[in-house]
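Colleague: With the hints as extra help, turn the sequences into a complete structure.
As you go down the protein sequences, you meet chains U and R in turn.
Quick note on my numbering: the first sequence kicks off at 1 and runs consecutively.
Quick note on my numbering: the second sequence kicks off at 1 and runs consecutively.
It should be emphasised that the hints constitute simulated quantities derived from the structure, not laboratory data.
Every value quoted in this text rests on a predicted model; they were computed, and no experiment measured them.
The reader is advised that the hints may include incorrect statements.
A pair holds if it fits inside one copy or across any two, identical chains being indistinguishable in the list.
EDC-like, lysine to aspartate or glutamate: derived pairs with alpha carbons at most 20 Å apart [claimed, not checked]:
hint	residue 1	residue 2
1	Lys281	Asp59
2	Lys486	Asp332
3	Lys165	Asp189
4	Lys588	Asp246
2 protein chains.
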Amino acid sequence: MGLIKDLQDIANILRCDSLTMTTKAKSGHPTSCLSAAEIISCLFFETMSYDTKNPDNPDNDEFILSKGHASPILYSALYHAGAIKHNLLKLRQISSPLEGHPISRSLKWAKVSTGSLGQGLSNGIGFALAAKMQKRKFHTFVLLGDSETAEGSIFEALQLASYYKLNNLTAIIDVNRLGERGETIYGHDLKQYKKIFSSFNWKTILINGHNIKQILKALKKARYSNKPTAIIAKTFKGKGVSFLEDNEKYHGEVLNEQQLKKALNEIPNSKMPKIKIEKPKSVRFKFKKTSLKLPKYNLSEHITTRLAYGQTLASLAKSDSSILAIDAEVSDSSHSDEVKKTSPKQFIETFIAEQDLISIALGLSKKSYKPFASAFSSFLTRAHDQIRMASISSANLTINGCHAGVSTGEDGAPQMGLEDIAMFRDLPNSNIFQPCDAVSTAKIVLLASKTKGVNYIRTLRPKTPVIYKNSEPFPISQFKILRQSKKDSAVLIGSGITVHEAIKAHELLKLKNISTAVIDLYCIKPLNSKKLINFIKSHGKKIVISEDHFKAGGIGEMLSEIISETKEKIQIKHLYVSGIPHSGPWYKLLEKYKINYSSIANAVMTK
Amino acid sequence: MGLIKDLQDIANILRCDSLTMTTKAKSGHPTSCLSAAEIISCLFFETMSYDTKNPDNPDNDEFILSKGHASPILYSALYHAGAIKHNLLKLRQISSPLEGHPISRSLKWAKVSTGSLGQGLSNGIGFALAAKMQKRKFHTFVLLGDSETAEGSIFEALQLASYYKLNNLTAIIDVNRLGERGETIYGHDLKQYKKIFSSFNWKTILINGHNIKQILKALKKARYSNKPTAIIAKTFKGKGVSFLEDNEKYHGEVLNEQQLKKALNEIPNSKMPKIKIEKPKSVRFKFKKTSLKLPKYNLSEHITTRLAYGQTLASLAKSDSSILAIDAEVSDSSHSDEVKKTSPKQFIETFIAEQDLISIALGLSKKSYKPFASAFSSFLTRAHDQIRMASISSANLTINGCHAGVSTGEDGAPQMGLEDIAMFRDLPNSNIFQPCDAVSTAKIVLLASKTKGVNYIRTLRPKTPVIYKNSEPFPISQFKILRQSKKDSAVLIGSGITVHEAIKAHELLKLKNISTAVIDLYCIKPLNSKKLINFIKSHGKKIVISEDHFKAGGIGEMLSEIISETKEKIQIKHLYVSGIPHSGPWYKLLEKYKINYSSIANAVMTK
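Modeller: What follows is the structure, given as structure tokens:
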């Protein structure tokens, strides 16, 4: 009985804090905190074992606030647990790590940033998979809002958690009935949630989310379940304050000082009880590492960069058990199936669910893994929001987009990634690589495994000839000069497939006595632009960029801006894909969309 | 019995065609066609009523091939129905409209392009909603692959079709067990599909997908159901050819000439029976139009552009029943709820399901509606693939992204749209508008309603002062010169929130006797760049661009490339957001991320 009272007291304190913090901040979502007060109290002060002094203790039970807008109650709980010492009253201020939504950069306890709804459960799959693979005992609890269960990503998570038998994962749905602008799709119909969740073979438990006893019992059942568990909790938004409770008007509205006073008067004035938070038992685990043998390729051999990607990743995986390949049902195209063949335990299939592909990779990356997530480059747009959130979570992981550009060929426009470079360039902490042959691919895969941030490797569908020796180094931010002379009239810049077109253009122009330099821009971001500009200055002060990508945010615009910052006048010719590309043989498409060798040569020859 | 035999004969012909077409094309997915042969035969030659001479007949039953890679069998069916006359043997050739996946640009019968899986059912919701609103009797049939049901977007569709009681929508799932790289998540477990689909309150019918009688019966039941219906059809990939049937090896593999011969020998050699395809009964429907009264605003009045967006859209909706507002649970933030208040029948709620927001809008747009789809600009990344497919479907619709940039303020990074301009610029047929005040917003909303392509309107969270008279025109591709003199030393270019910062910078510099011009780039794409360059040339040959957006693909890179194409040297200073933005008051964030008036003024004063 003491415990129940203590946890109710804490719930009251969390409520008071959430109201006070948001009133002080003049913005936020206090009523969304109030519905979760008892759930948070039970999780943080009874159910979960965690090392309050060390968020990175690998055996901590994990908590993800998928309904990130309820951040004040998370901050308050962490504060009272002794895990953080920040001033709660500085919520949402520019100087405070207590941001509007939990952000990894600011708060170590938020391993994944949340605030784009419907992603937390999928991140939780990453944690839970990591626990299984590392044989750790920790449990992952994800608190979801009811509104966010409308997101398709939730359902991707339901099917995969069940497929991977993640009985160490629990979703708690805070069914407070009200979304931003009124009632949710299912309101307080808890049975409807049960129907859906159990159709995916989850264990479901219906409870009163304000009843401490029921919450504790459900959480215990969840921990010892043989399936992933959904605790579907009936709650009330604004619970505990008469004029807020179940009131549609108060989403995302904060109280003024007078209302706050009134509200605080209604909540029992509790004293923080002394509660001992149990530390987790530590489990010994170490990744296995052996020596690495990168695959070798022969000069002039024709082989796809995607196959070299898969082969190299397989070698890496063999040498380091922290390397994981994760793929959205295209592993025989991306060739991440090479990992499956040689190290099947280091291969994760997400089926055609690109959103979860990325969210799970993010979760895994926060548990010491180095995930390499593969899909068609075009379908990575399906996970753009998840990629954005991985970046906002300061993640270290690698994403591979295969079948880039019109060189994809006959499959046509839907399968051609033509906006991916722009998408990845706009991430705050990204590195972007586009190898043109097997050797550079192998080196870049290795480089990505050692490079922090969100790495993107763009691979191609058609075979390309090997142009580098196996000994060639490919450091980050550099480029390769493939052809040059003292009388060059222009620099031909290619990346990926267009490197080969640039070489062909160079040869064609040579026959006409026009000298050109050729550059392979294998690393698009970061770029040693000073070195590049200097090279261009002494090789004709003219560049022809050919890229198998749309215009906006591609290599051409990037270089235009870099060049605009220099004092000297450099002429730029930019060849890129425009319009909706047609189906057809890839080399004919390079020609039709004017990014092939003859278009490059023409651009050199015209003013 | 004659009918059954006829339909089986047609199925055989469709099979032979699919195999022959793909062998000739040397690529494609013949086995994915074979599993659907009986289903397609029944739909196109018995169940559906459609005007074979007119794909745009608004009363045609509609068919969407969500599993777009099975395009050969669709083309073959349309050919034998007399709906198209293209040479089937030119499949996937650059000169043929029979592309790798069905593309609207090439094939009128493909109202929506498919090939990015899991979107067809949501497009079908748009069709089915249109039928309901127009009181038309047509039924929408969507053929899905089993693999693609793993996509979260499918589940968004399940919940919404059920919510909107779309008993005129039928999903047929071709459960052939095999995906690209092996067995699907549920294999041939039809009951598992039934469990999931029925948990969303769909009627479900399990059938043998190769049994014509069962297919016809199920389709009839579906047409007269009082709920949306899922026909879950057990099929075999490669059905009809012994060495292809249920064989994992043959996904996306075509037969060589010898294999083809062998395969064709196994399929009964049928003659095309004479089948009369029923024309639909025509229903009279006309949109209601009355005179439009745009809202008026007072100079210097402080009001958000998002409210002006909602108010204008409400006025438009009142004057024209083809205008629809569709919103992903943020209508009180985007203010599309203004439409709900005044014309509730023209408002569609998708709840927090941004993918379906766009896919449904696309479907509606193909049924003579002018949808305006709203969400936070940051969360439009969630629907990037759907937006891409809307563009590839040559759609005419408007998307509104509110809460753009760091001016979103305290909510923090996850809620700040900072890559949306790049995302929309890369669409082949997009127009991009960013108004800075209420008057320009009103004019732009009206403009978008009349402009073809995918229109994007970017709106702001904070209030901004009205700077234009109600009489001011805002034509497409133009910009506004807000300040200018004959002795300007630079042109300050703003868009949205930064227009006001540019004006402030101008005033500040005036105090220091530095003259500058100020431009409001309300239309980012298309842009009359010649006019802009000419203006810059005669106003200091220096520009300072300030944008509340990341660097890649934003306004700065766009203008850098445009300027690089001119002969003259124009100095460019580009201010943009970098890093992961923090929570805080919006004006402090403009300062912190150096896109505010003082940073603009500094950029003018430094070389």
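Colleague: None of the hints should be skipped; say for each whether it holds.
Modeller: Here is what the structure says about each hint:
no.	hint	verdict
1	Lys281 / Asp59	within (7 Å within a copy, 67 Å between copies)
2	Lys486 / Asp332	neither (45 Å within a copy, 64 Å between copies)
3	Lys165 / Asp189	between (27 Å within a copy, 18 Å between copies)
4	Lys588 / Asp246	neither (62 Å within a copy, 35 Å between copies)
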